[in-house]
Amino acid sequence: MADFLLEIGLEEIPARMVDGAREELARRTQELLTRENLIDGGSATGFSTPRRISVKLSGVKASQADLKEEVTGPSTKVAYKDGVTTPAAEAFAKKVGVSVDKLTKITNAKGEYLAATVEKKGRGAADVLAELLPKEIASIYWAKNMYWRAGKPERFVRPVRWIVAKLDDKVVPLEFAGIKAGAQSEGHRVLHKGEVKIFAPADYAETLEKAKVIVSPADRKKRIEKALDAATRTIPGARWRADNALINTVVNLTEYPSVILGSFDKQFLSLPEEVLVTVMRDHQKYFAIEDAHGKLAPYFLAVLNTDGDPDGLIRHGNERVLRARFADAQFFWETDQKIPLKQRVEMLKNVTFQKDLGSYYDKAARMARLVDIGGADFDRPKHKIDRNASHEAAWLAKADLTTELVKEFTELQGVVGGLYARAQKLPPAVSDAIYDQYKPASMEDYVPRTPEAAMVALADKADSIAGMFALGMQPTGSKDPFALRRAANGIVKTIVEHGLPVDLRILFREALAGYKGSAAEKKFVKLDEYENAITAFFRERLEFYLKDVRGFAYDEVGAVLAAGSDRVTDVLTRAEAIATVRKTPDFEPISVAFKRIKNILRQAKEAGKLPAQEFSASLAAEPAEKVLADAVKNTAPRVTELRKKHDYAGALAEIAKLRPALDTFFDKVMVMVDDGKVRANRLALLSQMLRDFSTIADFSEIVTQTEK
Amino acid sequence: MSKPLTFQELIFTLQKFWAEQGCILQQPYDVEMGAGTMSPETFLRVLGPKPFSVCYLQPSRRPADGRYGENPNRLFKHTQCQVILKPPPPNVQELYLQSLQAIGIDLRKHDLKFEEDNWESPTLGAWGIGWQVMLDGMEVTQFTYFQQCGGVDLDPISAELTFGLERLCAFLQDKESVYDIVWARDPKTGGEITYRDVRYAEEVQFSAYNFEAADVEKTWEHLRLYEAECKALIDGFPVAKKSETDASRYPMLAAFDLCLKCSHLFNLLDARGAISVTERVGVIARIRALAVGVAKSYAEQQSATANEPAVAAGKS
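These protein sequences, in sequence, are chains A and B.
Going by our numbering, the first sequence opens with residue 1, and the numbers climb by one from there.
Going by our numbering, the second sequence opens with residue 1001, and the numbers climb by one from there.
Hint data in this document are derived by calculation from the structure and do not stem from the laboratory.
Any given hint could turn out to be false.
[Claimed, not checked] Using 25 Å as the maximum straight-line C-alpha spacing, the simulated DSS-like pairs for lysine-lysine come out as follows:
1. A:Lys81 - A:Lys68
2. A:Lys152 - B:Lys1188
3. A:Lys595 - A:Lys522
4. B:Lys1188 - B:Lys1175
5. B:Lys1109 - A:Lys226
6. A:Lys221 - B:Lys1109
7. B:Lys1296 - A:Lys285
8. A:Lys121 - A:Lys77
9. A:Lys285 - B:Lys1077
10. A:Lys266 - B:Lys1175
[Claimed, not checked] Selected chain B positions facing chain A (Cβ under 7 Å, derived; list incomplete):
11. Ile1105
12. Lys1113
13. Tyr1145
14. Glu1221
15. Arg1224
[Claimed, not checked] One side only, chain A facing chain B, incomplete, derived with CB under 8 Å:
16. Ile140
17. Asp282
18. Leu304
19. Asn318
20. Lys355
21. Lys384
22. Arg387
Ideal Cβ positions, reconstructed from N, Cα and C, are used throughout, including at glycine.
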């Protein structure tokens, strides 16, 4: 049993791609060795730095076991003529490498055949790896690849510069991207001079640590966190702001990390915290520090790719850069204020929203129209909304796109507008709505915090989705360049969390109407498919939301969505009801019965046998039929009543009470009888049930015990 | 410790370093442009199979970036030092680090990171993969492996290194404002000439011109004229290329100058606030059509003729 090590040395890999590639290399190597019978269990350990991805495995066999394999040859009818071997038999013997007299005979279903037992010699591990591992390396997924060699023989994330491949102390002679594997690795670019030879896989991490490279990302992370703690302790009461994404980034940007504490002038604290933190985190990859009260303190922490900063030169350089950045931000903050948001709206005529959909000015006008329509609809006691504020916020929402601060820090769009609105003394309802317009950025993010903000955010997203769908540019497969799925998820989450009575069909009809008379309209295609496309798109989003975010069972989700998906809040209430009622004993039999009803109606329709217009009691011959008809008659108004009150659980419980009558009906009554009138009457009863009682959920979608 | 390099010493040193790596030293191209990448020394020479390595300075004019000399870090015109290595030697990153050492940066005392930053210019139909090189938290170099240029797939690939000299020099001299950079020091008296002495007036006057004075109608007219002439040359090439003699003397290089003119005039109109939303997309597409048209014709011209000497780096 041997240890195997593979290290692929590269020019700096993008930080965001390192983790995935490291794990994939480990998995692929392990799977290859398993597939080739060179390893029994055991697990691969992956390593990575910006300049390498590596994998180490123990328990690799020196070679594959020899195999005996029976090979079937030609039929004996062809192989012998008059008891003498023919050229066909000789050719087979030659092919499998045994002499003719060693051939045997086997009989299978098709007859008697020549056969030979062939010994397949197991190949050495080094051989197998040299042949097959390069293909695995080439298959690693990278979000973006490049060419670098003349003739462009391969694409990879960045140029490969060295490869170490060792099976214990022996080099595995593999080759990838024109680089032959050897025992030579590379140390830290600056901290280590001279060669780094890997003698055996077991020494890998230790050898590289001497060369100032910590190959385990987990170890680097610990080291960074410890160093962040230590540097922060020098400021009494202070804490560094935890930021998981940032930690992972700096782990993947460093081979031998250390941390410095820097400071900035207190006067910059007059800038909004959002701006300061964005500059530090997104642009400089610094950690922010807060004081004991959670307020931003005038310090930062930078993670270095070197062992320290004894002369303070690095701190000085970083402080200098941050000072310039903050000074810029401050300059923008002050000059931007000279033109208030209200005046900037006009400037939006020169900012393109989307090349076929016009400018942001056009978009703002459409958003204002949409919030007015929505506001009129929602302005009820339960959803009190300041309609003037939402109208004004919609008009001003995009004005910050003309500010220097947003041009410099695009990720702060919306936030900057909100901050300016506050500074320009606009009502809080307006500034908050501008601030939150892009929320939620993800399913984990918070939704717009006020009803006015929710309105503006909905209008913005609905306008984009409507325009893009009308242009025929809806997301397909993995392609969603305008992040419309995220926008739609945001719409769903916002409607639900605010409990808004939004009807998606009306919202999107109005959103499309907003484009009426614009130049964009000439570019619209297949408008007759628009409504169905939107409905299908949102059904998927709702499915995702109910299943993956809210944890409903997939059949419950299917049942609820089959009964309508336009009113999102209602969909959720119905899903909750069904999840509650599902636990009661009558629920499952009712689902079974509804499936049966659906099947009968379908088969009848296929046979051309249609239900009567209406059920008629006088045609009901069987007592069980009458009992069911009466039960339905009594239940239907109660269900309608409860449904109106949105007491879906109550309504479903009422429907479940039909169970005894239904059971008896199916026991005693034959639906598909020869008498056409009686049959049509019974079908009418069933189809009425299906119609009246599937408005909350389609029970037939529920997967019952018997089906599992 | 010796004094940090002056602005002009920084230029000498970088040029000397890259010349020693086998680059030819080229002079700045004498047509206005927004970035060193747009110089024919890069944009056209990276096309086709011939090895070519060059180092040149390129004053880069970005009318919208002008700040009347008031912002310490933003300039209408800044100086790029551009290095093209075609094909890049395997130790290209190592050479790059040596160039930093050469200008007085002791890497052992600083923090260096290569952070992903891919470059793309839709107007030039060009893109590449690479990094921004961060030194103590400041971007000192853009390092790009060109993949496509003028809509043409490249083979071999070229490595492009772009140093923003004002920023780099301010770092070396530890100045807060580029205007305080020492441009030159009198060898006899030790008297210092600053960046402000040399360039301040230019920043002020060109900001005034770009933002306020440029005559919008005439600038549009210039743009139309240059575009028409460029387009006529591109359109004439298919006929000329049928004859080998005519193909090699066909003025695609002149067509490219005209294309650069258009690009600069567009930037100027943009800074002037004279381009509306509907026009903007259209004009960008028109300039892209010129750049791509020139690149395609030039690449064809190259494969048809082979009269240029190859210049390759890293052969020492």
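Hints versus structure:
1. A:Lys81 - A:Lys68: 29 Å, violated
2. A:Lys152 - B:Lys1188: Measuring from Cα to Cα gives roughly 55 Å; hence the hint is violated.
3. A:Lys595 - A:Lys522: Between A:Lys595 and A:Lys522 the Cα gap is close to 47 Å, so the pair fails against 25 Å, i.e. violated.
4. B:Lys1188 - B:Lys1175: 24 Å, holds
5. B:Lys1109 - A:Lys226: 22 Å, holds
6. A:Lys221 - B:Lys1109: Between A:Lys221 and B:Lys1109 the Cα gap is close to 23 Å, so the pair holds against 25 Å.
7. B:Lys1296 - A:Lys285: With a Cα-Cα distance of about 41 Å, the restraint between B:Lys1296 and A:Lys285 is violated, given a limit of 25 Å.
8. A:Lys121 - A:Lys77: 31 Å, violated
9. A:Lys285 - B:Lys1077: Violated - the C-alpha atoms of B:Lys1077 and A:Lys285 are around 29 Å apart, more than 25 Å.
10. A:Lys266 - B:Lys1175: Holds. A:Lys266 to B:Lys1175 sits at ~21 Å (cutoff 25 Å).
11. Ile1105: Hint on B:Ile1105: violated, closest Cβ of chain A at ~10 Å, above 7 Å.
12. Lys1113: 5 Å, holds
13. Tyr1145: It holds, given that the least Cβ distance between B:Tyr1145 and chain A is near 6 Å, below 7 Å.
14. Glu1221: Given a least distance of 21 Å, the restraint on B:Glu1221 is violated.
15. Arg1224: B:Arg1224 check fails; min Cβ-Cβ to chain A is 21 Å, beyond 7 Å.
16. Ile140: With a closest approach of 16 Å, the A:Ile140 hint is violated.
17. Asp282: 12 Å, violated
18. Leu304: 4 Å, holds
19. Asn318: Holds, because the Cβ-Cβ distance from A:Asn318 to chain B comes to roughly 4 Å (cut-off 8 Å).
20. Lys355: A:Lys355 check passes; min Cβ-Cβ to chain B is 5 Å, inside 8 Å.
21. Lys384: Violated. Min distance 38 Å.
22. Arg387: 30 Å, violated
Violated hints, listed in ascending order, are 1, 2, 3, 7, 8, 9, 11, 14, 15, 16, 17, 21 and 22; each of the other numbered hints is respected by the structure.
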